[in-house]
Amino acid sequence: MTARRKSLLAILLGPGAFWIGLFFLIPLILVVVYSFLERRSGGGVLWHFSLDAYIKLFSPTGETLINDFMMIVLRSLWWAALTSFVCLIIGYPLAFFIALQPPSHRTAYLFFVLIPFWTNFLVRTYAWKFILNNNGLLNNLLQALGMNRIALINTPTAVLIGLVYGSLPFMVLPLYASIEKLDFDLVEAAQDLGANYVRVFSRVILPLTMPGIVAGIVLVFIPVSGQYIVPTILGGGKVAMLGNLLAQQFGPALNWPFGSAIAVVFMALLMVGVIFYLRGDAREEEVGL
Amino acid sequence: MQQHVQRKHWWLAGLLALILLVAAGCAAPASAPAETSQSTEAEQPAAEEKASEEAMPESDRCGDRDKLASELHFFNWADYMDEEIMAQFEEECGVKVTQDIYSSNEELIAKLQAGNAGYDLVIPSDYAVEILATSGLLQPLNMENIPNVANIDPNLMGMYFDPENKYSIPYQWGTTGIGYNITAYEDSPPDSWAYLFEPDLLCPHKGFASMLDDERETVGAALKYLGYSYNDTDPEHHAEARDLLIRQKECLAGYNSDNFNQTLAAEEVVIAHAWSGGTALARAENPNIFYVIPKEGGSIWMDNMAIPADAPNPYTAEVFINYLLEPEIGAQLTNYTYYFTPNLKAQPLLDQEYFDLLESGGMLVDDEVMQRLEWIKRDENSIIFSDTWTAVKAR
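Residue numbers (our numbering), protein chains in the order written: chain C, 9 to 297; chain U, 160 to 554.
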């Protein structure tokens, strides 16, 4: 019986395990291994053990303790945090609004949130370029209204707009999922007991929707930190993020070990964050049980 | 609570699937070369009949017909091949040419390095030929199949990157300098890199200037302005160039090598670090656009036809190379690209319109200009260009 069960388990899990092994684990191992090899000047690697890539990443430059490479890595984290924050500020009221609608309307609103995904992200980012350009839609509108033109394209602001725009659905959906489950009797109870609006929100609503907030932040933070398209198109290539740095190392610089090392260090940094998230989750389950 | 946790994981999985879909959507244009194929499927059988009925001289342009494959896979830069020529070749020789597009030498190198790319003909630039050849990714050309190589300017043969032209034959060449809109510079048209690097000349046009997004060209231009070589790898000189570029960045619209011709023509920028042919394309649309090789010097480059080591149809590729070197085909190609032809016999056949546009726009290269042009080369120490470039982008 157990043998049969085992073989059944193997059949059911086999394809998934095979897929993950072939397309996730092996490439991941390759990246880690490459980061410890020597650079070949025409691209690719030489199979000699070397710590050059890590030394290059962590050695301080003349003036500053943190070199330009680490600066881009840290900046990507900062931008990702900023984007998550702005998405949360915009997304929370929106998700709350949708959750308060009658059930029949909710589907329609969620549908509107998802509609942009029907068009390729690259195309939508170019659309933003047309809106924000010096001679673009927004500036023409401002001019028609008798106002001054504003320089938006190729600025960090334009990049932030693009990042927030692209990530908002990933924040709204998990927020909606947790707000929708919120038991409004608890809100009423708090009000009956004399809590004002601020207190109701901070002591009841916020803690109960925290899982959605954390999940939304994770879902926005991780993809944004590796963004490539938005800084290239809306930042005019002036604002480099992690994705651009990696593309440069595997592309023009032909320095695969260094690119791999950057990816490994970045994964390690993200992993720390995710572990914190999972530990929080585990604690929450314990409390629940 | 248990149920709550499970539900959360359910939609988390759904969202992850969504992310994957989006990611796949983003990756699609790059990873599906077949979709960018640009050849027409037009009347192949009819074309073959016609070709075999017609006169004899046509037939030697197709080599030995029995050895020709029915398809040729061409990997090329954007806007770098007249599709008419591919259609003519198909009509004449019965070979359907499909074209995929790449946007940098590095992209080409990466594709060939991964192996089994399936391409028969590629167009690497000078230094990329050297990298590909020394990595064993190109195959030697059989010159017996390419007699038209005799049409090529001997001055452009035997360049440093392939001294015996064992692996490559010149395709087109051009220069890198400054493209500008004369309406913004009526009093003093740019003649120096200072117009892009000195704040008092550049910043009056803040937000309307662009540099190429290319570590070799852009760091090289800064080095050149400082009086060094495009190929200088001295760390102190690079520190100077880095500071110059960081200072410049504040007044730039951005770094753009993909469509500076469009932004110049549409007057989104008034001055741009630019390639000669791209600027000529802009000028064809907007007659206010001019081009100059700065007095400190600019760069010269050449793209070349080469056959990957694992090409499925090398013979057909050689026949096509020979076809492109026919005088009238070569002229047709350069009339289309607005760059320069290495083909001496094609030169007199170029349209008057082409010469007028390039001459009035300042793109033609005479001996005096040639003195100021420098080739970009790559060696072991060239990695410093990436580091300098990263430092500029990090600020």
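Quick caveat, the hints were computed from the structure, so don't treat them as lab data.
Take the hints with a grain of salt, since some may be wrong.
Here are the computed lysine-lysine pairs in the DSS-like style, where the Cα-Cα straight-line distance is at most 25 Å [said to hold, decoys possible]:
(1) U:K454 with U:K325
(2) U:K365 with U:K325
(3) C:K137 with U:K365
(4) C:K137 with U:K408
(5) U:K454 with U:K536
(6) U:K226 with U:K365
Hint check:
no.: 1; hint: U:K454 with U:K325; verdict: violated, 35 Å
no.: 2; hint: U:K365 with U:K325; verdict: violated, 47 Å
no.: 3; hint: C:K137 with U:K365; verdict: holds, 18 Å
no.: 4; hint: C:K137 with U:K408; verdict: holds, 20 Å
no.: 5; hint: U:K454 with U:K536; verdict: holds, 21 Å
no.: 6; hint: U:K226 with U:K365; verdict: violated, 58 Å
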